[in-house]
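Novice: Now for the letters of each chain:
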Amino acid sequence: MNVIEARGLGKRYGSTWALRDFSLALPEGHVVALVGPNGAGKTTLLNLAVGLSTPSAGAVTVLDGVPAGSRPALDGIAFVAQDAPLYKNLSVKDMVHLTTNLNWYFDQGYAIARLGDLGIPLGQKSGKLSGGQQAQLALTLALARRPQLLVLDEPMSALDPLARHDFMATVMTAVADDGVSVLISSHVLTELERVADYLVLLTHGQVQVAGEVDDLLASHRVLTGPAGDAETWVEGLATVHVRRGEAQAHLLVRTDTNAYEVPPRFEEHPVSLEELTLAYLRVPEAASLPGPRRAREAAPKEIAR
Amino acid sequence: MTAVTIPTPAEKEDSRGAVPWRRMAWVTWRQYRVAVAGLVVVLGAVSVYLWIIGDQARSFGGAAGHSLTLTAALFQVIPALIGAFVGAPLLARELETGTFRFTWTQGFGRARWTVATVAPLAIVVTILTGIVGSLFSWAYGPLIGGKYGANPLAGNTFDLHTVTFAAWTLAAFSIGVLAGLLIRRVVPAMFASMTAWAALAVATGVFLRPHYEAPLVSSNPHLPSSSWVMSTWWTQSGKTVSSSTINELLQKAGAQVSGGSVSLRPGSALGNLSPTQYLIQHGFTQVSSYQPASRFWSFQWIEAGWLLVFSLLVMSMVVWLVYRRAA
Numbered sequence: 001m002n003v004i005e006a007r008g009l010g011k012r013y014g015s016t017w018a019l020r021d022f023s024l025a026l027p028e029g030h031v032v033a034l035v036g037p038n039g040a041g042k043t044t045l046l047n048l049a050v051g052l053s054t055p056s057a058g059a060v061t062v063l064d065g066v067p068a069g070s071r072p073a074l075d076g077i078a079f080v081a082q083d084a085p086l087y088k089n090l091s092v093k094d095m096v097h098l099t100t101n102l103n104w105y106f107d108q109g110y111a112i113a114r115l116g117d118l119g120i121p122l123g124q125k126s127g128k129l130s131g132g133q134q135a136q137l138a139l140t141l142a143l144a145r146r147p148q149l150l151v152l153d154e155p156m157s158a159l160d161p162l163a164r165h166d167f168m169a170t171v172m173t174a175v176a177d178d179g180v181s182v183l184i185s186s187h188v189l190t191e192l193e194r195v196a197d198y199l200v201l202l203t204h205g206q207v208q209v210a211g212e213v214d215d216l217l218a219s220h221r222v223l224t225g226p227a228g229d230a231e232t233w234v235e236g237l238a239t240v241h242v243r244r245g246e247a248q249a250h251l252l253v254r255t256d257t258n259a260y261e262v263p264p265r266f267e268e269h270p271v272s273l274e275e276l277t278l279a280y281l282r283v284p285e286a287a288s289l290p291g292p293r294r295a296r297e298a299a300p301k302e303i304a305r
Numbered sequence: 001m002t003a004v005t006i007p008t009p010a011e012k013e014d015s016r017g018a019v020p021w022r023r024m025a026w027v028t029w030r031q032y033r034v035a036v037a038g039l040v041v042v043l044g045a046v047s048v049y050l051w052i053i054g055d056q057a058r059s060f061g062g063a064a065g066h067s068l069t070l071t072a073a074l075f076q077v078i079p080a081l082i083g084a085f086v087g088a089p090l091l092a093r094e095l096e097t098g099t100f101r102f103t104w105t106q107g108f109g110r111a112r113w114t115v116a117t118v119a120p121l122a123i124v125v126t127i128l129t130g131i132v133g134s135l136f137s138w139a140y141g142p143l144i145g146g147k148y149g150a151n152p153l154a155g156n157t158f159d160l161h162t163v164t165f166a167a168w169t170l171a172a173f174s175i176g177v178l179a180g181l182l183i184r185r186v187v188p189a190m191f192a193s194m195t196a197w198a199a200l201a202v203a204t205g206v207f208l209r210p211h212y213e214a215p216l217v218s219s220n221p222h223l224p225s226s227s228w229v230m231s232t233w234w235t236q237s238g239k240t241v242s243s244s245t246i247n248e249l250l251q252k253a254g255a256q257v258s259g260g261s262v263s264l265r266p267g268s269a270l271g272n273l274s275p276t277q278y279l280i281q282h283g284f285t286q287v288s289s290y291q292p293a294s295r296f297w298s299f300q301w302i303e304a305g306w307l308l309v310f311s312l313l314v315m316s317m318v319v320w321l322v323y324r325r326a327a
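So the sequences go chain by chain: A and B.
First residue of the first sequence: 1, per our numbering; consecutive thereafter.
First residue of the second sequence: 1, per our numbering; consecutive thereafter.
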C-alpha cells in the first residue's frame, strides 16, 4: 500500500508553480523524511496530501488510492501543521474534548495518560503552554486518533534540542507500538537522521532523491583520492558531486551503475545520510529515484564550483 | 444491463459514515459561548431600554417615546456590529491564527464543520435580534400616525422593526463571515463587513425599498401623516406642470423662491394665502406619489424575504468556498 501517491501533480500560486509535474509514491510502514531547501514545495505537498489545498494539475491519493481530503482520507491521516496550531484560549482538556468530538475515533485514555506522562496540566490554557508542550499536545491529539499516516510539517522548527528529542521520542514510540506511517518535513536533516528510514529530497518542486535510507546509503560511496586525478574519473563514474581539497578530492558517486569501479589510488568510504543529502542539495539537477530511472540520470553531471 | 459495482477502498471505509452532526454541538458551544453571552448581554440591555420607553409611551402618551426617534440612529449600527464582531472573526480568526489547519484536517470535514459553526450562530443572532426588533415595534407603535405623525416606512426606522431587523442582522452576519473567509484577517474583515453592509443598507433604502410596490398617486393634499411621500408635483388640466413654471408663477405673485423653499413677501398678491392654496385657487392640482402606511407589513416581508435569500446565498457560497478553497 502506498500512503501517498502523486501523479503529474501540480500546484500553482498565481503564476508560480510550487510543484510541477510531480510524481511520487510513498510505501507504508516508513518514517519518511521530506527534506528540501525553503521554498522547495514541502508544505505545498503536505497541504495537498492532507486535503487542505486542491491541486492545480494532476492528482494525489492517500492510503491506497483514496482521494486526498475525502472523508476516509481525513479519518486515516492526522496532521500537525507548522507551529502546531491550537486554540490558544481553550484548556488542554477542552482541546482533547474538541478533538474527540471532531473524529470518529479518539483514544481519550491514551491522550490523557500521555499528557500526564509529559507533565502537561489538563486545566492549563493551551496558549499558556511552552512551545515544546504545545508541540507535544498537538502531537498527542494527532496520535490519539490512531491514524494510519501521521503527517508532520516542520514540527520541531521552534523547539529547543531537548524538546526536539522528546518530540521525536513520542513519534518513535507510536511507530513502534502502532506501526503508524510517518511523513515529516524539515529543512534540517540532522534531527531526522536517526529516525527516518526513507528519504524524499525535494528541490524546486521536484523529487530529487527518493528511496529507503539503507538503499541510498548502499548505492552511494565517497571516493577519496588525489585531487589531480579527479577530473579523469568524474566523467566515467556516476558522480553526483565533487568536493576538492588542497591535495585530495572527494567524489560522491553512485555504485548502482555498470561503470562503477574504484579508480586506482582512490579509497572507497561509506557515506552518511547528511553527506549524501547535502551533496544532492548542492546539485539540484542530479537525481536518484527508485524504479525506472530518468533518462538524464544516466549521466550525472559534475558540478562546477 | 447489468451493472457490477466493485467497491473501492473509499467506499468500504465510507460504510462507517460521517462523524455525526450532533458532535459539533459541544464544539460550537464551547468556542462561541462567550460571543453568545456578550450578545445576550448587549441585546438584553437594549431590550430593557425599549421596554421602559414603550411602557412610558403607553402611560404618558407618545412624548416619552419620542426620544426613540433619536436613539433609532444608534440601533441602526447593531446589525453592522453583530456582523463585524460575530460574523467576520468566525473564519478570519481560524485563517489568521492557522487553527484551520488543525480543525479542517479532523475527521469531521471542513465543509460540514463550516455548516455546523455558521448555521447555529446565524440562527441565534436572527432570533435574538428578532426579539429586539419586536420590542422596538411595540415601543415605537404609539408614535406611528396620529399626532406624532411618525411614518413606519421611513428609512430611519423601517429596518428596525421585527422582521427586517432580524433579516438585516442575518445579512450582516453572512457578509461578515464571507469577508472573513476572503480577507483572512480579523480586523480588516470587520471593517470590510461593516462597509459592505452599510453600502447595502443605504442602497436598499434609496433605490430598492421605494419600488417594492408601485406607489399610489393621489391629488388629495391632505394625505395621512403616516404616509411615505416620495414625490410631489403640480398638474393643470391633467398635464404635469414643471417646477420652474410653478416657481415663476409664485414669483410673479410676489413670493420669494430660493432652492425648494417658498417664502412670502409682505403685501404680495398672495395675500393671506399659502403658496399651495394660491396654486389650488388658480386651477392647479397637487399630486403626490406615496406609499401608504398600510403597506408596512408587506414591505417588511418583502425586504426580509429577499434579505433571507441573499443571506442564504452568501452562506452557501461560504461553505462552497471552504469546500473548494485552495489553502
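Think of the hints as simulated: they come from the structure by calculation, not from any bench.
Beta carbons are placed, not taken as given, at the ideal position from N, Cα and C, and that holds for glycine.
Among the hints, erroneous ones may be present.
The calculated label-pair distances, taken between Cβ atoms and stated as ranges, are [said to hold, decoys possible]:
no., chain 1, residue 1, chain 2, residue 2, range
1, B, L321, A, S23, 25 to 33 Å
2, A, G116, B, V187, 35 to 43 Å
3, B, R184, A, P226, 58 to 66 Å
4, B, R324, A, S23, 23 to 31 Å
5, A, M1, B, V41, 19 to 27 Å
6, B, S298, A, Y13, 48 to 56 Å
7, B, L321, A, A176, 51 to 59 Å
8, B, R184, A, A259, 50 to 58 Å
Novice: If a hint holds in the structure, say so; if it doesn't, say that too.
Specialist: Going down the list of hints, with the structure as the test:
| no. | hint | result |
| --- | --- | --- |
| 1 | L321/B - S23/A: 25 to 33 Å | holds (29 Å) |
| 2 | G116/A - V187/B: 35 to 43 Å | holds (39 Å) |
| 3 | R184/B - P226/A: 58 to 66 Å | holds (59 Å) |
| 4 | R324/B - S23/A: 23 to 31 Å | holds (24 Å) |
| 5 | M1/A - V41/B: 19 to 27 Å | violated (54 Å) |
| 6 | S298/B - Y13/A: 48 to 56 Å | holds (50 Å) |
| 7 | L321/B - A176/A: 51 to 59 Å | violated (42 Å) |
| 8 | R184/B - A259/A: 50 to 58 Å | holds (54 Å) |
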